[in-house]
Structures are given as structure tokens and as C-alpha cells.
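K.L.:
One letter stands for each residue in the lines below.
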Amino acid sequence: MKKIINDPNRVVSDMLRGLAVANPDVEYFPEAEVVALKEKSGKVGLITGGGSGHEPSFAGYVGKGMLTAAIAGNVFASPSPDRIIKGFEAADSGKGVLAVIMNYSGDLMNFDMAKEMVEMEGIETRIVIVKDDVAVPDREDSTGRRGIAGTVLVHKVAGAKAAAGASLEEVAAVAQKAADNVRTMGMSMSSCTIPAVGKPGFSLGENEIEIGMGIHGEPGLERTGVKTAKELASALIERILADYDYSGSQVAVLVNGLGATPLMELNILTGEVDDLLKEKGITPYRYFVGNYMTSLEMAGCSITLMKLDDELKELIDAPCEAPSFRI
Amino acid sequence: MKMTSKDYVAYLKIVAKKLEENKDYITELDAATGDGDHWANMNMGFVKLMELSPELETLAIPDLFKKIAMTMMSVIGGSAGVLYGSAYMKAAAVSQGAESIDLDLLAKIVQAQLDGIMSRGKAQPGFKTMVDSLYQAQQRMEEAMKAGKSEKEVLTAMKEGAVAGMEATANMEAMRGRACYQADKGVGHLDPGAVTMCYQLETLADFLLQ
Numbered sequence: 006m007k008k009i010i011n012d013p014n015r016v017v018s019d020m021l022r023g024l025a026v027a028n029p030d031v032e033y034f035p036e037a038e039v040v041a042l043k044e045k046s047g048k049v050g051l052i053t054g055g056g057s058g059h060e061p062s063f064a065g066y067v068g069k070g071m072l073t074a075a076i077a078g079n080v081f082a083s084p085s086p087d088r089i090i091k092g093f094e095a096a097d098s099g100k101g102v103l104a105v106i107m108n109y110s111g112d113l114m115n116f117d118m119a120k121e122m123v124e125m126e127g128i129e130t131r132i133v134i135v136k137d138d139v140a141v142p143d144r145e146d147s148t149g150r151r152g153i154a155g156t157v158l159v160h161k162v163a164g165a166k167a168a169a170g171a172s173l174e175e176v177a178a179v180a181q182k183a184a185d186n187v188r189t190m191g192m193s194m195s196s197c198t199i200p201a202v203g204k205p206g207f208s209l210g211e212n213e214i215e216i217g218m219g220i221h222g223e224p225g226l227e228r229t230g231v232k233t234a235k236e237l238a239s240a241l242i243e244r245i246l247a248d249y250d251y252s253g254s255q256v257a258v259l260v261n262g263l264g265a266t267p268l269m270e271l272n273i274l275t276g277e278v279d280d281l282l283k284e285k286g287i288t289p290y291r292y293f294v295g296n297y298m299t300s301l302e303m304a305g306c307s308i309t310l311m312k313l314d315d316e317l318k319e320l321i322d323a324p325c326e327a328p329s330f331r332i
Numbered sequence: 698m699k700m701t702s703k704d705y706v707a708y709l710k711i712v713a714k715k716l717e718e719n720k721d722y723i724t725e726l727d728a729a730t731g732d733g734d735h736w737a738n739m740n741m742g743f744v745k746l747m748e749l750s751p752e753l754e755t756l757a758i759p760d761l762f763k764k765i766a767m768t769m770m771s772v773i774g775g776s777a778g779v780l781y782g783s784a785y786m787k788a789a790a791v792s793q794g795a796e797s798i799d800l801d802l803l804a805k806i807v808q809a810q811l812d813g814i815m816s817r818g819k820a821q822p823g824f825k826t827m828v829d830s831l832y833q834a835q836q837r838m839e840e841a842m843k844a845g846k847s848e849k850e851v852l853t854a855m856k857e858g859a860v861a862g863m864e865a866t867a868n869m870e871a872m873r874g875r876a877c878y879q880a881d882k883g884v885g886h887l888d889p890g891a892v893t894m895c896y897q898l899e900t901l902a903d904f905l906l907q
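Residue numbers (the numbering used here), protein chains in the order written: chain A, 6 to 332; chain B, 698 to 907.
Now the stretches of chain B that chain A is said to cover, found in silico as 3 or more residues with beta-carbon under 8 angstroms:
{"hint": "1", "stretch": "727-733"}
{"hint": "2", "stretch": "758-771"}
{"hint": "3", "stretch": "779-791"}
{"hint": "4", "stretch": "873-882"}
Straight line, CA to CA, 25 angstroms or less: simulated DSS-like cross-link-like pairs of lysine-lysine:
{"hint": "5", "chain 1": "A", "residue 1": "Lys318", "chain 2": "A", "residue 2": "Lys285"}
{"hint": "6", "chain 1": "B", "residue 1": "Lys819", "chain 2": "B", "residue 2": "Lys805"}
{"hint": "7", "chain 1": "B", "residue 1": "Lys720", "chain 2": "A", "residue 2": "Lys204"}
{"hint": "8", "chain 1": "A", "residue 1": "Lys120", "chain 2": "A", "residue 2": "Lys48"}
{"hint": "9", "chain 1": "B", "residue 1": "Lys715", "chain 2": "A", "residue 2": "Lys204"}
{"hint": "10", "chain 1": "B", "residue 1": "Lys849", "chain 2": "B", "residue 2": "Lys805"}
{"hint": "11", "chain 1": "B", "residue 1": "Lys714", "chain 2": "A", "residue 2": "Lys204"}
{"hint": "12", "chain 1": "B", "residue 1": "Lys703", "chain 2": "B", "residue 2": "Lys849"}
{"hint": "13", "chain 1": "A", "residue 1": "Lys285", "chain 2": "A", "residue 2": "Lys235"}
{"hint": "14", "chain 1": "B", "residue 1": "Lys849", "chain 2": "B", "residue 2": "Lys715"}
{"hint": "15", "chain 1": "B", "residue 1": "Lys819", "chain 2": "A", "residue 2": "Lys120"}
{"hint": "16", "chain 1": "B", "residue 1": "Lys720", "chain 2": "B", "residue 2": "Lys882"}
{"hint": "17", "chain 1": "B", "residue 1": "Lys745", "chain 2": "B", "residue 2": "Lys763"}
{"hint": "18", "chain 1": "B", "residue 1": "Lys745", "chain 2": "A", "residue 2": "Lys204"}
{"hint": "19", "chain 1": "B", "residue 1": "Lys745", "chain 2": "B", "residue 2": "Lys715"}
{"hint": "20", "chain 1": "B", "residue 1": "Lys805", "chain 2": "B", "residue 2": "Lys710"}
{"hint": "21", "chain 1": "A", "residue 1": "Lys100", "chain 2": "A", "residue 2": "Lys45"}
{"hint": "22", "chain 1": "B", "residue 1": "Lys699", "chain 2": "B", "residue 2": "Lys764"}
{"hint": "23", "chain 1": "A", "residue 1": "Lys120", "chain 2": "A", "residue 2": "Lys69"}
{"hint": "24", "chain 1": "B", "residue 1": "Lys764", "chain 2": "A", "residue 2": "Lys120"}
{"hint": "25", "chain 1": "A", "residue 1": "Lys283", "chain 2": "A", "residue 2": "Lys182"}
{"hint": "26", "chain 1": "A", "residue 1": "Lys120", "chain 2": "B", "residue 2": "Lys763"}
{"hint": "27", "chain 1": "A", "residue 1": "Lys8", "chain 2": "B", "residue 2": "Lys720"}
{"hint": "28", "chain 1": "B", "residue 1": "Lys714", "chain 2": "B", "residue 2": "Lys699"}
{"hint": "29", "chain 1": "B", "residue 1": "Lys714", "chain 2": "B", "residue 2": "Lys764"}
{"hint": "30", "chain 1": "A", "residue 1": "Lys7", "chain 2": "B", "residue 2": "Lys720"}
{"hint": "31", "chain 1": "B", "residue 1": "Lys715", "chain 2": "B", "residue 2": "Lys764"}
Since the hints were made in silico from the structure, they are not lab data.
Just so it is clear, CB atoms sit at the ideal spot from N, CA and C, and this is done for glycine as well.
Please take these sequences and the hints and turn them into a complete structure.
P.N.:
What follows is the structure, given as C-alpha cells:
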């Protein structure tokens with residue numbers, strides 16, 4: 006294992022310490038592994054949390070116009086209720102706090118428990134769950150579809166709504182609308198190593214890629230040979246369109262890297278995505294290209310589409326000062 | 698039997714050691730169906746408990762359980778942390794006023810832990826989770842007690858139940874946790890959460906049988 010770390014069991018604390026050094030707008034609460042805006046907004050707070058290893062998700066999105074606080078779990082593991090409680094408290098300006106989280110068993114249980122506890126303190130809270138990964142069928146009887154990169158766009162629009170002074174109900178409604186209209190499909194080209202484990206979680210052959218793999222290395226739909234950027238754009242977008250009909254709509258497009266894929270390749274993919282969307286009668290309104298939701302040093306990408314109405318367009322374009330999401 | 702806080706900590710030490718020894722096995726099981734972090738997180742929790750052991754030994758049983766709950770919840774994190782946290786909080790609630798654990802209290806603790814985990818995880822037996830080991834252990838323990846079996850037989854039944862529950866997860870389709878994202882729902886693989894739960898129950902039975 007070759008990593009720039011001091012101690013595999015301290016990567017989260019050490020990372021957030023560094024993040025706070027570089028971003029004077031935020032305060033880092035070491036015991037809780039929470040990063041929050043220093044200045045109280047007087048508005049609805051927006052928080053999220055989840056396992057670490059997906060940087061800049063989520064501490065990199067704490068900033069005016071996006072998240073008020075982010076709670077970090079250990080690598081790929083949900084933060085615990087005590088940490089989440091600190092996140093709710095740090096984000097509360099008296100107008101309530103919305104948590105927009107990803108649909109994983111651990112995150113759901115920990116946020117539910119924390120919500121029960123902070124409501125006893127008198128903080129009004131809502132939780133919106135994002136499940137955008139079309140590689141997984143959505144079902145009622147099990148945890149169902151995962152949340153992945155599309156979550157970042159939901160944070161963007163919900164953060165903009167909160168910054169505009171909307172009520173908790175209104176911010177939650179916009180987050181839900183965004184979550185309902187966002188879909189993502191990804192693929193991986195290599196594994197990643199959890200620092201505390203010390204070796205890769207799975208292996209892929211030299212010329213093998215896996216379509217639909219999750220951002221924690223959960224198995225995908227199929228392993229195939231390496232494809233061209235054009236073929237890949239088509240494979241991913243066809244999956245998305247089979248799940249949600251975006252034809253005739255304007256969309257925000259997120260071309261996301263999983264950590265080890267160069268921006269050169271993401272830009273090549275973006276060109277192909279643009280051709281394909283236009284061919285399908287879908288109008289790209291705004292692109293976001295880069296590493297937004299990563300999986301440690303995994304190589305690979307995901308493509309996210311979010312259907313935009315006038316309200317979502319305005320919110321996606323609204324100013325944002327988060328260090329990893331500037332508009 | 699009469700298990701004190703000091704005994705309970707001695708038991709946790711054996712679990713910590715057993716976990717440490719099975720790093721590769723658990724990690725590989727989890728990598729096959731999940732994301733490979735279950736061992737690392739559980740181990741961090743038990744390492745922390747071991748650091749706290751001088752303090753834990755001095756606590757009354759309910760306070761000991763509360764401290765274990767908070768520690769596991771905050772250090773393990775993820776699903777396992779909040780589930781073990783819920784289990785030990787319930788265990789603390791049913792041990793109010795107890796100075797040591799006898800067989801009757803142990804049965805209540807196991808039942809309370811099962812209830813705590815099932816309600817927090819909205820999980821049932823058969824979902825291919827840690828519940829399966831605990832549920833079988835609790836069922837067989839209760840049957841043995843109802844049948845008026847000896848203490849030794851009850852503890853052996855508990856241990857056998859834990860192992861049977863764990864083994865049964867191999868043929869189950871996952872309904873919770875990351876294994877449910879697999880095309881085959883993890884069928885053919887043991888659930889790592891059921892394995893680490895089984896370690897704890899097995900070790901507890903062995904410790905008390907000695």
C-alpha cells in the first residue's frame with residue numbers, strides 16, 4: 006500500500022484537519038469529525054454525511070450556497086449518531102436542518118437515530134434520501150437503489166434554496182424534487198485500497214472494466230473489455246435512459262471521475278456524452294466535469310443526468326462558494 | 698454462573714483477540730459481498746474497548762453496557778456500530794440494578810440485544826445479517842431453558858444456535874446491507890456480520906462453560 010498517510014486508522018481526522026487549514030471559512034470539530042461553516046447563516050441548515058473515501062464528498066462542499074456542515078464516517082462506513090448529532094447542532098440557526106443523505110443501510114440507521122435524539126433537543130429536522138444509481142433496481146423490500154454522484158447535484162440545489170431564505174419545508178421539497186429527477190450510472194476500471202485494510206478490495210483484469218460497480222466496490226452488472234469513450238458514453242447513458250425518460254428535457258450533466266481517472270479522459274467522455282444526448286433530443290443545460298464523488302484511488306467514472314425545470318435551473322446556476330463547487 | 702464486569706471485560710478481550718486473528722478471513726468475506734471494511738471497523742471498536750478496559754472493569758453491569766454501547770457506536774461507525782450500540786443500550790436497560798449476570802439475566806440480555814438490533818435495522822431473521830446468528834442463539838437458548846436443561850446445556854445450545862444461524866446465511870439472499878446489491882444477493886457466501894456476531898456468542902458460551 007502506497008499512500009500519503011501517517012496512520013491508517015487516523016486518515017479521516019488527519020484529512021479534515023488539513024481541509025480546515027486550507028479553508029478558513031469552516032471549523033473542524035475533531036471528536037465528531039464534523040466540518041461546519043463558522044458563520045451562522047440565520048437560514049435553514051443543510052447537512053450530509055457518509056463514509057469517507059469519496060472526497061471531495063462531502064466536506065469539500067461545505068460553503069455558502071451549498072452545505073452548512075458535513076459529517077465524516079470512517080472510510081466507507083457511516084458516521085455514528087453522536088457525530089451526526091454534532092452536525093445537526095453545528096448547522097442549526099434556529100430555522101431547522103435538512104439532511105440529504107445517500108441510500109445505504111448504515112447511513113439510514115445512523116441518521117434516523119441522530120434525528121430522534123436532536124428532535125428531543127428541539128431542533129426541527131428533515132431527511133431526504135437520494136437513490137440515483139440505476140445499476141441497482143429500486144425495491145421496497147430491501148434497502149434498494151444506492152445513492153452516488155447525483156447526490157452532489159441535489160446538495161447544490163438544496164443549498165441554493167436554503168441560501169435564498171426558503172423554509173425547511175421548501176428546501177426539503179426542492180431536494181426531493183431534485184432527487185426524484187436525477188439518475189446516475191457508473192463504471193470502474195480498477196480497485197481501491199481502504200487504508201485500514203491495506204490491500205485492494207477486489208481485482209479487475211488488465212483489460213477488464215466493470216459496468217455499474219458501486220462507489221465502495223459493490224459488484225456491478227457486467228464485466229467487459231475496455232471500450233472507447235464513445236462506446237462507454239453510450240453504454241452508461243442507455244442504462245440511464247432505460248430507467249428515466251429525459252427526452253425533450255433540459256438537464257444538468259455531471260461527468261464524474263472516481264479518483265484515479267485523469268481529467269483528460271473525463272473531458273473526452275464529456276464530448277461523447279454531449280453528442281449522444283443531443284442525438285437523443287436531450288438538451289444539456291450545464292456541465293460539471295471532474296472528481297465530485299470518488300472512491301479513493303479507483304479509476305473509472307459515472308455520468309449523472311438531472312432534469313431541470315425553471316426553479317432547478319436557477320438554483321443550479323446560483324452562486325456557490327464551497328471550495329470544491331464554485332459557481 | 699455469575700459473571701461480573703471484570704469477567705465481561707475478560708470475555709471481550711478474548712473476542713478482541715479472535716477478531717484480530719481473523720482479519721484476512723473476515724475482510725475477504727466482506728470483500729466478496731460488501732466493501733471489505735467490516736473487519737477494520739469492528740477491530741477498531743474492540744481495540745478501543747481494550748484501551749478502556751481498566752475503566753470498564755470498575756463499572757456496574759448497566760453502566761458497563763452503556764459504555765460499550767457508546768464506544769461501539771462511535772468507534773465502529775457504519776451499520777455495525779449503530780446496531781451494536783442499540784443492542785448494548787437495550788442490554789443496559791434490562792440489567793438495571795444487576796451486580797452480576799446469572800443465566801436468567803443472560804437470557805434477557807440476549808433477547809434485548811436481538812430486539813434492539815431488529816428494530817434499529819428494520820431487519821428480520823433470514824435477511825442474511827448479524828440477526829441470523831443472534832436469533833438462532835436466542836431461540837435455542839430459550840428452548841433449552843424451557844425444557845429445564847442444565848446451565849451447561851443451555852450455554853451449549855446458545856453456542857450451537859449462533860453457529861447454525863451464521864452457517865445458514867450462506868444460502869440466504871441478502872435483504873439488508875451492501876450484499877443486497879449483488880446480482881446473486883450474496884448467495885453462497887457467509888454474511889460477515891453474522892460471522893463476527895457468532896464469534897462473540899461462541900466466545901461468550903465458551904468463556905462461561907470454562
